[in-house]
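Enquirer: All you need for my numbering is the position in the sequence shown, starting with 1, plus 33.
It should be emphasised that the hints constitute simulated quantities derived from the structure, not laboratory data.
Just so you know, even glycine gets a beta-carbon here, dropped at the ideal spot from N, CA and C.
One or more hints might be untrue.
Cβ pair distances, simulated, as ranges [to be verified]:
id: 1; residue 1: 244; residue 2: 93; range: 29 to 39 angstroms
id: 2; residue 1: 271; residue 2: 245; range: 20 to 30 angstroms
id: 3; residue 1: 232; residue 2: 271; range: 42 to 52 angstroms
id: 4; residue 1: 289; residue 2: 196; range: 51 to 61 angstroms
id: 5; residue 1: 232; residue 2: 305; range: 28 to 38 angstroms
id: 6; residue 1: 321; residue 2: 206; range: 41 to 51 angstroms
id: 7; residue 1: 63; residue 2: 354; range: 20 to 30 angstroms
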Amino acid sequence: MFFSIIIPLYNRPQEIKELLETLCLQTYKQFEVLVIEDGSADDAAEIVKSFADKLDVKYFVKPNTGQGFSRNFGFERAKGDYFVVFDSDCLIPEDYLQIVHDSLQQNYLDAYGGPDDSHPSFTPIQKAISYAMTSPFTTGGTRGSKKGIGQFHPRSFNMGLSRQVWEKAGGYIITRLGEDIEYSIRIHSLGFKIGLIPEAKVYHKRRTNFIKFYKQLHFFGRARINVYKFFPKGLKLVHFFPAVFTVFLFFSLIANLTGLPLARLCNFIIACYILLIFFHSWWKNKSFKIAFLSIIASFTLLIAYGLGFMQDFCKRLILKIS
Numbered sequence: 034m035f036f037s038i039i040i041p042l043y044n045r046p047q048e049i050k051e052l053l054e055t056l057c058l059q060t061y062k063q064f065e066v067l068v069i070e071d072g073s074a075d076d077a078a079e080i081v082k083s084f085a086d087k088l089d090v091k092y093f094v095k096p097n098t099g100q101g102f103s104r105n106f107g108f109e110r111a112k113g114d115y116f117v118v119f120d121s122d123c124l125i126p127e128d129y130l131q132i133v134h135d136s137l138q139q140n141y142l143d144a145y146g147g148p149d150d151s152h153p154s155f156t157p158i159q160k161a162i163s164y165a166m167t168s169p170f171t172t173g174g175t176r177g178s179k180k181g182i183g184q185f186h187p188r189s190f191n192m193g194l195s196r197q198v199w200e201k202a203g204g205y206i207i208t209r210l211g212e213d214i215e216y217s218i219r220i221h222s223l224g225f226k227i228g229l230i231p232e233a234k235v236y237h238k239r240r241t242n243f244i245k246f247y248k249q250l251h252f253f254g255r256a257r258i259n260v261y262k263f264f265p266k267g268l269k270l271v272h273f274f275p276a277v278f279t280v281f282l283f284f285s286l287i288a289n290l291t292g293l294p295l296a297r298l299c300n301f302i303i304a305c306y307i308l309l310i311f312f313h314s315w316w317k318n319k320s321f322k323i324a325f326l327s328i329i330a331s332f333t334l335l336i337a338y339g340l341g342f343m344q345d346f347c348k349r350l351i352l353k354i355s
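Take these sequences, add in the hints, and give me the full structure.
Expert: Shown next, in the form of structure tokens:
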């Protein structure tokens, strides 16, 4: 099996350098790499060129159209039997492609997704953000977990699909704002077999501070409504949780400021949730500092996603403003 690895890139030359370094170490060697520079001002031409003697790597430059359409650009030029999509802020374990190859040989999937994790080299904030994004107490374990809620949808930070899927389903029809969820649902709807390969993990850096993380998750909240416009049945009760949580926090603040009798109950619920996050993260990361930062990351995630979700829910579904 020959893999084509597709990596869209936008103003992140150092990230692609680190990602390509990990691809040089792959134990399975039958693959090519396509780096799609999406109209970057700070390009990675020289960096990618430096890997020409180590990898079968191809570098393309195009006007900025967003990550979804940049992946389509790569699909159109890929030679592989199977396409693998990574975000540029990922590090790939050396046995990743071997794991995927062996798994597909034993139980073939037309498309797959894998989980993400934090690397030992990540900062405490990055590890806390990774916890928040993968915790069962924040996202419900929907990102790369066998125990996730509902139908599994691969995400494009770690996703693969066969050439046959590309030929029948085409590529992304929206370029950002939930493009990977829409694509996964559409692949499902065409009857292809999709599943999780739990051992095929990547180390996902995500954002380096809470302000950038907030902006990203606010965007994700809006993206869920964008996906709803294409697939109304894809909106589940679990997707309302961050919005409900955000409203609850606002109500708790009002209750405390005005002395409402429910203030104590609200404070008790919030305290229990904080302790739950803290001790679960402490158990998982073995770090007091990361556990404390995980509380901030988890609240940032839920509030940002909740506000983004409510913003576009009101704007696009109630007020009908496109």
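Enquirer: The structure should be examined with respect to each hint, and the outcome stated for every one.
Expert: Going through the hints against the structure:
no.	hint	result
1	244 x 93: 29 to 39 angstroms	32 angstroms, holds
2	271 x 245: 20 to 30 angstroms	25 angstroms, holds
3	232 x 271: 42 to 52 angstroms	25 angstroms, violated
4	289 x 196: 51 to 61 angstroms	58 angstroms, holds
5	232 x 305: 28 to 38 angstroms	34 angstroms, holds
6	321 x 206: 41 to 51 angstroms	46 angstroms, holds
7	63 x 354: 20 to 30 angstroms	49 angstroms, violated
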